[in-house]
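Assemble chain B onto chain A, guided by the hints.
Protein sequence lines correspond, in order, to chains A and B.
Be aware that the first sequence starts at 24, since it is given in the working numbering, and climbs by one per residue.
Be aware that the second sequence starts at 10, since it is given in the working numbering, and climbs by one per residue.
Source of the hints: derived by calculation from the structure; they are not laboratory data.
Quick caveat: nothing in here was measured; it's all calculated off a predicted structure.
Cβ coordinates follow ideal geometry from the N, Cα and C atoms, glycine included.
Be a bit skeptical, because a hint or two may be false.
Using C-beta positions, here's what the derived DEER-type ranges look like [unchecked claim]:
| no. | chain 1 | residue 1 | chain 2 | residue 2 | range |
| --- | --- | --- | --- | --- | --- |
| 1 | B | S39 | A | K406 | 55 to 65 Å |
| 2 | B | D144 | A | L45 | 41 to 51 Å |
| 3 | A | Y397 | B | L81 | 29 to 39 Å |
| 4 | B | S150 | A | K406 | 24 to 34 Å |
| 5 | B | L77 | A | K406 | 47 to 57 Å |
| 6 | B | G80 | A | L38 | 17 to 27 Å |
Here is how the chains run, residue by residue.
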Amino acid sequence: MIAQSLKMAWKSITLHKMRSFLTMLGIIIGVFALVVLVSLVHGATGSITDSVNSLGTNKLTVNIFDDKGKPLRTADLDEIAALDSVGETAPYMTMQVQASSAGRSKTVDVIGTTPSLTAIDNIKLQYGRFFKDPDIENHSNVAVIDYRLARDVMGRQDCVGESIKLNGKEFLIIGVLQDTQSDSAFGFAAGVYSAYVPFPTVVRLSDQAGTTVSTFEASAVNDDTDAAEEEVREYLQKRYGDKDAYDVFNMSQISDTMNQVTGTLSLLLGGIAAISLLVGGIGIMNIMLVSVTERTREIGIRKAIGASRKMIMLQFLIESLMLSLFGCLLGILVSWLALLVIDAIGHVSYGLSGGVVLVSIIFSTGVGLIFGLYPANKAAKKKPIDALRTE
Amino acid sequence: MTQEAMIVFDNVSKIYQMGEETLYALDHVSLQIRTGEFVSVIGPSGSGKSTLMNIMGCLDTADEGQYLLGGLPIEQYSEDELAKIRNRKIGFIFQSFNLIGDLSAEENVELPLIYQRLPVRERRERVQAALEKVDLYNRRSHRPNQLSGGQQQRVAIARAMASHPDIFLADEPTGNLDSHTSMQIMELFHELHEAGHTIVLITHDENVARQAQRRIRIRDGKVEEAATSDPYGDRPAGGNASDPYGGRPADEEVAR
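Just chain A, with the same shape it has in the complex (with noise of 0.2 Å):
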């Protein structure tokens, strides 16, 4: 039964390829605008996130403003990070310098930290090391420069055991950091130089540096941030007693707070791409209660030979269904063909976003059904003897 009702929607179909088509083009682009829609979305988030992820999404920063004459210091430091949900802590002071060497110039922002910042900021490292313990316990003058300003003021970029200058002090370079900017979709941090010296060093950098720790990161034990931070914050309460003197910022509520907003956006998107499909759904419905009308004295026939009206329901159900996936398919076809285009053009990957592709069949499923059901029960309603009588 089902066979042949298939067999005969085909039949529907292809005897009329144009209407069709036309019919069908509806729900393709419905389905395209979905798919290609949310795709993009889709992509833009991942390398969004792949962005805020290079910054460390699992790592809380901490701001003293006020240390009400108790300031942290990097014994201190050991203590938050001997908080259970609490990982590792760095201090993290930064400051504008001059870097030269060899005449050439650049600002660079120092930033003053320990070893632990490579595990709390996923710091790789291209040629050389970053700096261990001994170098913070003997003040050493080390740097660990990124690789632009290896190359743009070392002049090359493996530069390991060369010495470079910061605000005129000699600095030995050690490591030099992976370029990792070109990956960030936004150049985060584009035009900027770095460069890691041990903290207790940096001091000796500025008159306003002290050995007091005003700003440092944590990292949390299984990458619970929420819980790092509860901790951290009790820790300071306790330590300060004033919520001002001090704030604890989430570095994964950037990417709760972006993945929200892309979420919306997919929302909006996929919603005026749903209302196009919903549109296309009104063109099937369109076309099958032509294909009633049409078909009238077929269905008396039918009727007269013993169809019962279920049957004759369902064939013409069968028939919307397969015009509406069949348009499905298609559109997600020429979505696929569309990201290849846009991938090949924008050198970013889209891929075609499984869930969507699912979501778009289910839709259109959806308004095969719904959009058919009028003209099939319409059908399957018709009197014999009146469906015989029409030409």
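Same frame as chain A, but now just chain B:
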């Protein structure tokens, strides 16, 4: 010949309300058709014979009275149950053939069998047997528009035969055909009758009606003549050039 009544009309009326006026398309019709009988219903257009055929074929139901088909009280069934009864018990043959244009001859014959939910193998066997019977098996994959009128009507007869119905209900089966083709079609009806099938043939054409065992004459919704006293009396005994439907010995049925 079996004496059980296949069709019983007991005071059946079909009423149409035309404004103030009440129109009896069928006016208290009572008749009986026995199993294995070949009966023609004859009347001019507008006499109510189409209404009679619709009710007899369970396409429509009576407003008054009772219709028993093989003992089943037809008025009591739902639309879908009637579809099932039509499917199993009635083989329709229409004036305009009523084949489905998008389907091949074979698929048209198969259609009622699909609605009977028969397995594929049995469907194929029955389709082949029926199409061979009407001598169109070699044209099984032709569409109706690739067949002549006579061939289309033979496909329609094959479709009726394939479903193994209790009665064959033919409505002006030769109305759209020339006299030669009509003769071939009537020949098929005679063969079906000889094989023991019940046939009801509705027509306005005396020459066609005369070929049945018995004629029921209908006029203005009333049965004028439920049976001729001598049902075979009018039938020509031999080939008559002026009568295109003639040519069969009249006493063949009674010989059994």
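Going through the hints against the structure:
1. B/S39 x A/K406: 55 to 65 Å: With Cβ atoms ~26 Å apart, the hint is violated.
2. B/D144 x A/L45: 41 to 51 Å: For B/D144 and A/L45 the Cβ distance comes to about 43 Å; the hint holds.
3. A/Y397 x B/L81: 29 to 39 Å: The hinted range 29 to 39 Å holds for A/Y397 and B/L81, with Cβ atoms some 34 Å apart.
4. B/S150 x A/K406: 24 to 34 Å: holds (33 Å)
5. B/L77 x A/K406: 47 to 57 Å: violated (23 Å)
6. B/G80 x A/L38: 17 to 27 Å: The hinted range 17 to 27 Å is violated for B/G80 and A/L38, with Cβ atoms some 43 Å apart.
The structure does not agree with the numbered hints 1, 5, 6 stated previously, though it agrees with the rest.
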